[in-house]
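Trainee: Going down the list, the protein sequences come from chains Z and W. Using this note's numbering, read the first sequence as starting at 62 and increasing by one per residue. Using this note's numbering, read the second sequence as starting at 1085 and increasing by one per residue.
The hints are simulated quantities; they were obtained by calculation from the structure and are not laboratory data. Quick caveat, the model's predicted, so the values are computed rather than measured. Just so you know, not all the hints are guaranteed correct.
With a straight-line Cα cutoff of 30 Å, these simulated BS3-like cross-link-like pairs (lysine-lysine) come out [said to hold, decoys possible]: (1) Z/K218 <-> W/K1126; (2) Z/K216 <-> Z/K143; (3) Z/K218 <-> W/K1181.
Sample of chain W residues facing chain Z (criterion: CB under 10 Å; computed from the structure) [as the list claims (entries may be wrong)]: (4) P1086; (5) Y1088; (6) L1166; (7) C1169; (8) V1192; (9) R1193; (10) P1194.
Listed next, with one range per pair, are the computed distances between beta-carbon atoms [to be verified]: (11) W/A1155 <-> Z/A177: 49 to 57 Å; (12) W/E1113 <-> Z/R214: 33 to 41 Å; (13) Z/E233 <-> W/L1128: 28 to 36 Å; (14) W/F1198 <-> Z/R139: 52 to 60 Å; (15) W/M1085 <-> Z/A451: 49 to 57 Å; (16) W/K1181 <-> Z/P235: 14 to 22 Å.
Just so you know, even glycine gets a beta-carbon here, dropped at the ideal spot from N, CA and C.
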Amino acid sequence: MTNAGDAVARLVRDEGTRVLATLIRVTGSVDVAQDATQDAVVRALQSWSGDGVPDNPRAWLLVTAKRRAIDILRREARRAGKEAEAMITDAMITDAEPAGDDLLRLVFTCCHPALAVEAQVALALRTLGGLSTAEVARALLVPEPTMAKRLTRAKQKIAQARIPYRVPPDDELPARLAGVAATVYLIFNEGYAAGSGEALVRVALTAEALRLARMLADLMPDEPTVLGLLALLLLHDSRRAARLDAAGRPVLLADQDRSRWQAGSIKEGVSLVGRALRRSPSPNSYVLQAAIAACHALSPSYAATNWDAVVSWYDVLLTVEDTPVTRLNRAVAVSERDGPAAALSLVDAIEGLSAYPWWHATRAELLRRLGRADEARTAYENALAQNLSAPQADHLRRRLTDL
Amino acid sequence: MPSYLALTYTADVDWTEPEQAAELAEYREFMAAAGAVVQGGKALYPTATATTVRVAGGKGGDVLTTDGPYAETKEALTGYYLLECADLDEAVRVAAKLPAAWNGAVEVRPIIDFGG
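Just chain Z, with the same shape it has in the complex (with noise of 0.2 Å):
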């Protein structure tokens, strides 16, 4: 495709999510909305490519999928032997653009706690990310099939339960808020976790997921929460190409080459974690991790790196979020901050990690600075002994070897 048509397609994805999202309220039906926007996207792609793209290509696209909208409200009113005009409502003729609020709409809708999380996760990616079924399936490791039943289940239930299309109240927007940062980071996580061999659809999931949090940002530039997880993203994502090697192993963060770092990335990721700061009236998980993250962007080596600033934040970060990943990851900190023995005292206190590899693997690093190899070695052993990729037990083997 030319960079011509590709501009084209971005806009016409681009735009076409917003006329869906506006299509869902004023036809009710998320299948209807879908198959109208689809039938408008195609139509577009055909003819913009030819004539070259309308003055206002998102009405455009609107006028077009409410046309097919309608043919297909009446057709099925004809199948059901009902009055089709019952079903097409006013907003139906008249909206002639999409109100800005529809997207945050979709966005809430698709992210709603009555979902399951992996229902949320596919919804947003087919309604929000624009990508198709079989898309969604590959990008998931799921069979086809069993995606466009997930995705036909999560649509029933939005219908037949009676999820609403809206944004959630103010006194719910915090922690709806959260719950769309959840699915956002575990679409980005998804992607990040698959090594570079794995299927690239897989790995366009962290392409997609910053996508959604830009959106995002664009729809609520004062949220910390919104702020806080594009900063993180932008910052986890400028390590990409450091953090595989050529074999496609991991590269701990000691040891990555930050001249491959983007730097472009890192830029718009400190500055959003300051202008999070600046609006954050009390702690914000996400802002705090981006922090974290902006500790590490910045720092030109390991060693350079600010201990004390990262220890902090993971103090501050502990009083919104005890968790016992966060504790292990502190310590860490602190054992850079204050040396292996102060550390190890601090993750053998931590309860509830005996199958998480990383708290092993974590005592097991400790220990082999200590000197202390033989119990080492046991704890790799415990480590390898819990679930990983292969790439991540390769790693553990060979520091097993090594000592």
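Start from chain Z and add chain W according to the hints.
Mentor: Positioned in the frame of chain Z, the structure of chain W alone reads:
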């Protein structure tokens, strides 16, 4: 207006026993506070009084009864409420005020409107 059934799952208590009076009063308060959203609601006798009915060999076959509830679960179905709400969010808000929500769980199910 969509309607929902809120099924309360809690310890398999006998609501007629005097020691349940305090909790029963909480359910009455819920009914009074909820107003028109709650269209009705009843408490059920414990699962020890349940009889499960099956007809063997299809319609018209032998009626088989077994003592006890259809499904044995840790928490038992102990009551139900009929709700009329604008959407699921409102139904969840109402269900969250039922004492069963913190003493057990409340299952919210949309009721089909066949238009009849």
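Trainee: Run every hint past the structure and note whether it holds.
Mentor: Right, here's what the structure says about each hint:
1. A threshold of 30 Å between alpha carbons decides the hint, and for Z/K218 with W/K1126 the separation of about 27 Å falls inside it, so the pair holds.
2. Restraint check for Z/K216 and Z/K143: the C-alpha separation of about 22 Å stays at or below 30 Å, so the hint holds.
3. Between the alpha carbons of Z/K218 and W/K1181 the distance comes to roughly 23 Å, so the proposed pair stays at or under 30 Å and holds.
4. A hinted interface residue such as W/P1086 counts as satisfied when its beta carbon comes closer than 10 Å to some beta carbon of chain Z; here the least separation is about 5 Å, so the hint holds.
5. Hint status for W/Y1088 relative to chain Z: holds, with the closest Cβ pair at about 8 Å, below 10 Å.
6. Because the smallest distance between the Cβ of W/L1166 and any Cβ of chain Z comes to about 16 Å, over 10 Å, the interface hint for this residue is violated.
7. Among the interface hints, the one on W/C1169 holds; its C-beta lies about 8 Å from the nearest C-beta in chain Z, closer than the 10 Å criterion.
8. At about 8 Å, the closest approach between the beta carbon of W/V1192 and any beta carbon in chain Z falls short of 10 Å, and the interface hint on this residue holds.
9. Contact between W/R1193 and chain Z, as hinted, is supported at the beta carbon level, the nearest pair being about 8 Å apart and thus within 10 Å.
10. Because the beta carbon of W/P1194 sits about 5 Å from the nearest beta carbon in chain Z, less than 10 Å, this interface hint is met.
11. A hinted range of 49 to 57 Å for the beta carbons of W/A1155 and Z/A177 is inconsistent with their spacing of about 21 Å.
12. At about 37 Å, the CB distance of W/E1113 to Z/R214 agrees with the hint of 33 to 41 Å.
13. The hinted range of 28 to 36 Å is satisfied by Z/E233 and W/L1128, whose Cβ atoms lie roughly 32 Å apart.
14. A C-beta distance of roughly 21 Å is found between W/F1198 and Z/R139, which places it outside the suggested range of 52 to 60 Å.
15. Take W/M1085 and Z/A451: their Cβ atoms lie about 55 Å apart, and the range 49 to 57 Å holds.
16. Distance hint for W/K1181 and Z/P235: a CB-CB separation of about 21 Å, consistent with the stated range 14 to 22 Å.
Hints 6, 11 and 14, counting from the list given before, are not met by this structure.
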